[in-house]
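Asks: Listed here are the chains, written in short residue letters.
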Amino acid sequence: MTRTARFDLRDLVAEVLEGVGARPLRLFVSLLGTVVGIGALVLTVGLGQTAGGQLDAHFDSVAAEHAEITPQKKQGADGEERAAAVLPDDSVDRVRRLAGVLAAATLTALPTGGLRVSAVPVHDPSEPETTPPPVYASSGELVEAIGARLVAGRAFDEGHDARGDRVAILGADAATALGIRRLEAQPSVFLGDRSYTVIGILGKSATQAHLAAAVIIPTGAARRDFPAIPADLVALHLDRSAGELVSRQAPIALDPNEPDVFTVAAPSRPTALQNEVGDDLDIVFVAIGLITLLAGGLGIANVTTLSVSERTGEIGLRRALGATRRQIGAQFVTESVVVGALGGVVGVALAVLAIVAVSALRGWTPVLDLPLAFGCAALGAAVGLAAGAYPAAKAARTEPADALRVS
Amino acid sequence: MTIREPRSDQAAPLVELRGVGRSFGSGRAVTALAGIDLQLPAGDYVAITGPSGAGKSTALNILGLLDRPTTGEYLFDGTPTAALDDRRRSELRGSGIGFVFQSFHLLPTRTVRENVMLAFTYGRIPRHERATRARTALERVGLGHRLEAFPATLSGGERQRVAIARAVCTDPRLLLADEPTGNLDRANADAVLALFDDLHADGLTIVVITHDPEVAARARRRVVITDGRLRETPMSEIDR
Ligand SMILES: Nc1ncnc2c1ncn2[C@@H]1O[C@H](COP(=O)(O)OP(=O)(O)OP(=O)(O)O)[C@@H](O)[C@H]1O
Ligand SMILES: [Mg+2]
Numbered sequence: 001m002t003r004t005a006r007f008d009l010r011d012l013v014a015e016v017l018e019g020v021g022a023r024p025l026r027l028f029v030s031l032l033g034t035v036v037g038i039g040a041l042v043l044t045v046g047l048g049q050t051a052g053g054q055l056d057a058h059f060d061s062v063a064a065e066h067a068e069i070t071p072q073k074k075q076g077a078d079g080e081e082r083a084a085a086v087l088p089d090d091s092v093d094r095v096r097r098l099a100g101v102l103a104a105a106t107l108t109a110l111p112t113g114g115l116r117v118s119a120v121p122v123h124d125p126s127e128p129e130t131t132p133p134p135v136y137a138s139s140g141e142l143v144e145a146i147g148a149r150l151v152a153g154r155a156f157d158e159g160h161d162a163r164g165d166r167v168a169i170l171g172a173d174a175a176t177a178l179g180i181r182r183l184e185a186q187p188s189v190f191l192g193d194r195s196y197t198v199i200g201i202l203g204k205s206a207t208q209a210h211l212a213a214a215v216i217i218p219t220g221a222a223r224r225d226f227p228a229i230p231a232d233l234v235a236l237h238l239d240r241s242a243g244e245l246v247s248r249q250a251p252i253a254l255d256p257n258e259p260d261v262f263t264v265a266a267p268s269r270p271t272a273l274q275n276e277v278g279d280d281l282d283i284v285f286v287a288i289g290l291i292t293l294l295a296g297g298l299g300i301a302n303v304t305t306l307s308v309s310e311r312t313g314e315i316g317l318r319r320a321l322g323a324t325r326r327q328i329g330a331q332f333v334t335e336s337v338v339v340g341a342l343g344g345v346v347g348v349a350l351a352v353l354a355i356v357a358v359s360a361l362r363g364w365t366p367v368l369d370l371p372l373a374f375g376c377a378a379l380g381a382a383v384g385l386a387a388g389a390y391p392a393a394k395a396a397r398t399e400p401a402d403a404l405r406v407s
Numbered sequence: 408m409t410i411r412e413p414r415s416d417q418a419a420p421l422v423e424l425r426g427v428g429r430s431f432g433s434g435r436a437v438t439a440l441a442g443i444d445l446q447l448p449a450g451d452y453v454a455i456t457g458p459s460g461a462g463k464s465t466a467l468n469i470l471g472l473l474d475r476p477t478t479g480e481y482l483f484d485g486t487p488t489a490a491l492d493d494r495r496r497s498e499l500r501g502s503g504i505g506f507v508f509q510s511f512h513l514l515p516t517r518t519v520r521e522n523v524m525l526a527f528t529y530g531r532i533p534r535h536e537r538a539t540r541a542r543t544a545l546e547r548v549g550l551g552h553r554l555e556a557f558p559a560t561l562s563g564g565e566r567q568r569v570a571i572a573r574a575v576c577t578d579p580r581l582l583l584a585d586e587p588t589g590n591l592d593r594a595n596a597d598a599v600l601a602l603f604d605d606l607h608a609d610g611l612t613i614v615v616i617t618h619d620p621e622v623a624a625r626a627r628r629r630v631v632i633t634d635g636r637l638r639e640t641p642m643s644e645i646d647r
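Listed in order, the protein sequences are those of chains L and F. Heads up: the first sequence begins at 1 in the numbering used here, then just goes up one per residue. Heads up: the second sequence begins at 408 in the numbering used here, then just goes up one per residue.
Hints in this document: simulated from the structure, not taken from any laboratory. What you were told as hints is all true, and nothing was included just to trick you.
Coverage of chain L stretches by chain F, computed from C-beta distances (three or more under 8 Å per stretch; other residues unrestricted):
| no. | region |
| --- | --- |
| 1 | 310-319 |
| 2 | 322-328 |
To give an idea of the chain F side of the interface with chain L (calculated C-beta under 7 Å), a few residues:
| no. | residue |
| --- | --- |
| 3 | Asp474 |
| 4 | Arg494 |
| 5 | Arg500 |
| 6 | Gly501 |
| 7 | Phe506 |
| 8 | His512 |
| 9 | Thr516 |
| 10 | Ala526 |
| 11 | Thr528 |
| 12 | Gly530 |
Just so it is clear, CB atoms sit at the ideal spot from N, CA and C, and this is done for glycine as well.
Next up, chain F with everything else stripped away, as it sits in the complex (with noise of 0.2 Å):
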């Protein structure tokens, strides 16, 4: 597998982080992240690595705009972020960003058709396309038997295929996954990596924290945080 550089040409790219920094508290406060550089151009697949509390989760908030920067700069598709409100943050979220979690967030009462189609409620899909745009998002997750399941009938692996599902039917420019393969099997992961390989090869912008060197080794560029601080890693780093 090679290392390509995204290339120079480009536009801006779609995420930059510019000295982003994150402390918590006031006073004795703990510092996430002591500023960090990142730049993903649109059409990038990175995989975050690092140990336990080095302040992953916290970047990809902030990439996500479900959390602010204490110091630093980010800017998503070429716009600062600092100065937009809820309003204006929660809408790119809506449009541009999809997200997958670890621990799937599926609504227990609701359908896996329904799971995908909540989604829309903040979006901007007219109304009369939601239903088809759901289905086809969950038959391409491989998914399109299971409508009318609910989430508890679900093996994980496809739970979390219905959250990858309800991520991308949104058509977002940007997919964030905090240990996407984290409750899953090997077999259930490869899935699931399958699924974020077919989106790439569409042109999303992926960006996934893993401990797994397998679901690193997908990926097209990897970087590491340690104690707050990011760098880039060739492969064979990760590969031990």
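Looking at chain L on its own, in the form it has when it is part of the complex (with noise of 0.2 Å):
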């Protein structure tokens, strides 16, 4: 008689098992708000991931087939960064005979120090105040240097480039902020009171995405129209395989005197490759997430709260056959348990499947934590930790003797 009683943990799951698969409907009920909760965040963060992973797995991919030749930086006296070399003007010429290169371009950011940049040629004074766009020169190969492709209308060429020709070509959101859609009318966008004809629209770059808010011009107008300055980098696109290569020839073909002045390397990855689903969106999936988990877990409280009176006859009787406070405590915290972490997996499970649907619709490739699946799976056992604590606890209390009179 003085072994402990037996109830251990094949007992204790039994027993939860049958208490959970007894009534089947309420079950469902009580999983709702867990599997809808859990499965709005992981489907959140799920989506957020799996976007994030397309940019770079397109990253990587432009990554293999670009570079940039930039001049070595060196402190000078005064502390400032400063170019140690300038990068040639024939530099496209020269770097474009190398085997494996198929595109270079010059990219040089122009000093445009309260310069107007406008489609309207005068100046409205009722206009509000903006940061006017960055102003780039490039040689004509720019966007296949780049990566990029035109949204609308046309890269400028080699004759644009030798004629001096005022054109230019605008980011996207350039245009968007300029008001420019479309091209048909041959709109301008007004560096000063310089017109430039706006030819092309450049879409997204992932090597250079700062290009998108940008008003870009052939290096010849820019010489006829701004200080002549030394180009900032070379934009090159690359045979796949020759990068080794090229990295090591081309700074010789710059300079054969002094190679070592100019570094190549693969594009700088974005710092902030953030998904294109804004992140306000997402605290709202985030938060509908929570607040139906909140739900979730008080409805898990309510069940059990109910279960634990309609069971009082139950509890009455399991004492009377030996059971402790403990183990009916024990058995009814597990049951909420078991509801909450079902309703996690179930809601991952069905979250994991939505964002399957997703990718497959759209051609991306899934990707999701894997601990992160099994933390949502955990928390909906957290939730029915928490709601079922309260309501184990008064079935813990009960009296049997009280127990026992309800039939």
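Each chain sits in its own coordinate frame; assemble them with the hints.
Replies: Take a look at the structure:
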């Protein structure tokens, strides 16, 4: 008689499964909130990760075919960083001859201090003050060299460049900011009071994402209208297998005497590779998920309370059969933990299905942290634990003599 | 039927109540038991009768370690129970005491066999013996052919026999029954009483609360509880 009661884990699990499975409809109802809550959380995070993963994957594949050459920087006596060398004016011709270079273009940020950039010729005083878009000069092959596409119109070519034509292409965001949507009417963009005909709108570039906000003009026109400054970088489109060879040969081609002053590198990864789904939307979804989850927890608490009061007679019987208070409490709290965990697992499963379906529709590779998925299922269990703790304690406190009076 | 006093040369009684009182609530408290003494040697068979609200169920709950007396002392098998914690008391209930209730207390979602096996959940019976023991107990009450039936499909008498099988399948020392025939017709009540006779013959100690003189008549001893006080009664007084 001194041995402890034999109610072991196996008995507990068997009793809990009986208890949970005894009322399928009620189980379904009490699962609902947790399923939706956890599902919304996993879906939000998973879609974010998947979209982010697409950008990453896209960037990696673009990066394998692109490089940029920059002059090395060194610290001047005043602590300022400045270029240790200058990219020669004929940089593009020099590197374009190398085997494996499919396209090359210089890119130069032009000094526009105080310059008005606008789609209308005269200054309208009622126009709100905005920061003007940055202006870049580039050579003819820019679009290919940075691995972008034009969403409208066409790019300028060597001809425009050589003639010094005042033409421009706009980054997509700059076009929106300037109110230019259609190119049929040959809109112009004014840099100061000089008019540039907009001939193309640039799509997203994985390697030079910042150009989305920029106005880009040919170097020929820049030489006419802006003070002469050397290029910041040479962007290269490479044959996939040529990357290493080119990175050795390009600096020599640029300056056979002092090749070390040039660096050839894969395009730098944008710091914030954010997904397209806005952060605001994410927060709304996470909030909806959390609120639903809270409701789910209250649902479980309700159902457990109901189940405890409905099963008062059973509690009395179990006590008469030798159950301790602790065992009664364990049974009910485990039941609600199991319901919560089940809700978590089903929620995660449904969310994964949804992510896979969305990815299939969009041709994406679904991405989801495994630990995150497990974590969310565990979150369901935690919700069950929190929800079941009070009713289970109440069940444990029930006096067996009172409980048995309830038939 | 003769009234035999339990043999005095026996060792400690299985059950001993010494001045046990139980009152409920504070302030104008209800006194359900006003100090009762009772000794049951092992193998005894006692009927408790008395008017409604007299304290019979209260006494039985105390005997079953489901409730604690507010005054006095309860010794089970020579052990004072006042100092035992919930775990030890539960253990004693699980292995030493069987209960039969007027309202059967069967779980509707479980089969007859599963209902009986519930008794093993908290006891000390090894897992591999449980199914056989349950079947043996059910055969003994004449329900060996209804193992997989659900309680809803059984008659009242059959349900009570399942409850008896559940109460005795763990081989308890003491069987406590509160109005076991209260919901049954004569024939079914007789079947239950026959089972009690059978169990008593096997040496089980039985305490049964009843309003039914015929049930009381089957016991070896009769006691009456009135207004929380207990007294031993001769057969004639009950038979009126
Ligand atoms: N938990 C409780 N709280 C308050 N009073 C109680 C409680 N349990 C029992 N009582 C009171 O104690 C008294 C004895 O109750 P008990 O259930 O023991 O009577 P009984 O003899 O079994 O009656 P019956 O034959 O109707 O079952 C009654 O007055 C009852 O109201
Ligand atoms: Mg009673």
